[in-house]
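Residue numbers (the numbering used here), protein chains in the order written: chain F, 1 to 202; chain Y, 1 to 69; chain Z, 1 to 175.
The hints are simulated quantities; they were obtained by calculation from the structure and are not laboratory data. Computed from a prediction, not measured in an experiment: that's the story for all the values here. One or more of the hints may lead you astray.
[Stated by the list, open to error] Taking lysine-lysine pairs in the DSS-like style, the calculated list, with each CA pair at most 30 Å apart, reads:
(1) K4/F to K71/F
(2) K29/Y to K13/Y
(3) K29/Y to K4/F
(4) K44/F to K111/Z
(5) K71/F to K155/F
(6) K52/Y to K71/F
(7) K155/F to K108/F
(8) K201/F to K108/F
(9) K63/Y to K108/F
(10) K29/Y to K108/F
(11) K201/F to K155/F
(12) K82/Z to K111/Z
(13) K2/Z to K155/F
(14) K29/Y to K2/F
(15) K71/F to K2/F
(16) K201/F to K29/Y
(17) K2/Z to K2/F
(18) K140/Z to K111/Z
(19) K61/Y to K108/F
(20) K13/Y to K108/F
(21) K201/F to K2/Z
(22) K2/Z to K29/Y
(23) K155/F to K13/Y
(24) K71/F to K2/Z
(25) K2/F to K201/F
(26) K108/F to K52/Y
(27) K29/Y to K155/F
(28) K2/Z to K108/F
(29) K63/Y to K71/F
(30) K2/F to K155/F
(31) K2/Z to K4/F
(32) K44/F to K71/F
(33) K201/F to K4/F
[As the list claims (entries may be wrong)] Chain F side only, calculated, beta carbon under 10 Å to chain Y, not exhaustive:
(34) A76
(35) D96
(36) T98
(37) T99
(38) L110
(39) E153
(40) F154
Glycine included, C-beta positions come from ideal geometry on N, C-alpha and C.
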Amino acid sequence: MKSKLAAVELFNRLTGGFEPATLFHGVDQSNLDNFEQRWRPELKRRRDEFGSWTDAAKGNAQDSHWAWVEKAANQASYEAFAIEGGGETQGLMLIDVTTHFARIEHQKGLELAFIELLATAPWNRRHFVNQPKYAGVGTLLLRAAVTLSMELEFKGRVGLHSLPQADSWYDRLDITNLGHDVSESMNYYEMSEAQASAFLKD
Amino acid sequence: MDRRQMTLILSDKEMGLLDDLSERRGMSKTALLRQALRMYQSVTERIERGEKVFVEHPDTKDKAELMVL
Amino acid sequence: MKFNYSREWLQRHLVVELDSTVEAGKKLEPDAAQGKSNVVTLSGRVSAITERNQVQMRVALGTLVRQLRSRDALTLAALAEKADISEEELRSVENNPTYTAGPRLLFQLSKFFGVNLNNLYQLSGETVAVDRRLYNRAVKYAAHSADVSPLTPLQRAELDMFVEVLNSAEAVARE
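Can you build the whole structure from these sequences, using the hints too?
And the structure:
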């Protein structure tokens, strides 16, 4: 069930101003439709433009991830969040709260909110389009993840695998880098309780 | 968020277990029971999808099926 | 669940986000770095070619390269020099089905022999999902072409047919 969590604001890079948007807990078919009909063609279009055979071949891996997102979003075992603004889904996040546990030594084995997917729409991505539109989607979704963790009494503990292009953001954040996770071929980051409280502080 | 209320009747042993677990996991009894519910749902979903759930000993690699439906 | 934050908090974090990006978890777009050949790791959620399929296709790839070389009457060393690739890599591609041919090697071979690059890439076993038809043809081709002696007329015909399959529109990598 989808419910409105909060009225938020996104920063429009093109106009330099803030615009209203909505953060939802849960997603519905309209989000999945938007995902399939607006996000995906945009990605495909860019891939064709790049024209690289490397990208075309790797497209198959991303295709399976697209299918996974739609399936996962319908399963009750994930907590889903979406940010909608300008009539579109600007961000999506899927969190697993049951099957992942903390790895940082002093909180090892304790429950945490594990971010399976944190994605902003293709037209917002700096390294993907020349003029990315909205900023703040990722930051707000991450805050939602930490807030959820607090709500579930996990004290803010959060875990995620960072996509390579996002390493620089997470490295500048107060979050623990536990290094390369061989099983996922990405860096694993985890927020300790102290880091989570610091992150939420105004 | 909508809230519903339920009265739970537990044996002494079950209550003791709940106290113990919630202390060990650092959360209230309510939060722990909520989490237990989610875990049960997660496992049930996987089994209904045809997956199997195992526990494995990290050293010996011995596997035991956890829930057989 | 309550969600509150101040404009100042967001602005503080925006300063950093504007410079980079926040994506985590499942990858929905190609790697920014071109020519990087990651082996894609898969969770239990997706189906993919099996290791056995991968070996079979690489046998086909190795056979193809070896036979094209034979057709053009080139020694391994001569081909390596003309196609500007290393002898060692070439030897590995021809004989070792556990070897992962790199993007540059495939590109050079594609250019030199005039064979479709996308299909070479699929044969190299790097992609997660492959065109079923290409896979079937590759397996059939490799089954008949095991030995290393000069091509018999029949083998030559089969080689030509396979090359045609690789270059035809039907066998192009599925989108």
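> Are K52/Y and K71/F close enough, with their CA atoms no more than 30 Å apart?
Replying inline: 19 Å, holds
> Keeping to a limit of 30 Å between CA atoms, is the pair of K2/Z and K4/F held or broken?
Replying inline: 11 Å, holds
> Do the alpha carbons of K201/F and K2/Z lie within 30 Å of each other, as the hint requires?
Replying inline: 14 Å, holds
> Does the structure keep K44/F and K71/F at a Cα separation of 30 Å or less?
Replying inline: 20 Å, holds
> Can we keep the F154/F interface hint, with Cβ of chain Y closer than 10 Å?
Replying inline: At about 7 Å, which falls below the 10 Å cut-off, the nearest Cβ of chain Y leaves the hint on F154/F intact, so it holds.
>> For a C-alpha distance cap of 30 Å, please report whether K2/F and K201/F respect it.
In response: The given pair, whose Cα atoms are some 27 Å apart, holds under the 30 Å limit.
> Per the CB criterion, is T98/F less than 10 Å away from chain Y?
Replying inline: 4 Å, holds
>> Would the hint linking K2/Z and K2/F be met if the CA-CA limit is 30 Å?
In response: 15 Å, holds
> Within 30 Å, alpha carbon to alpha carbon, are K2/F and K155/F?
Replying inline: At roughly 24 Å apart (the allowed maximum being 30 Å), K155/F and K2/F satisfy the hint.
>> Run the distance test for K155/F versus K13/Y: straight-line Cα separation, threshold 30 Å.
In response: Roughly 28 Å separates the two Cα atoms, so the pair holds.
> Hey, K44/F versus K111/Z, does the alpha-carbon distance stay inside 30 Å?
Replying inline: 26 Å, holds
>> Just to be careful, I want the Cα atoms of K29/Y and K108/F compared with a cutoff of 30 Å; is the pair within it?
In response: 20 Å, holds
The structure fails none of the hints (numbered hints given earlier).
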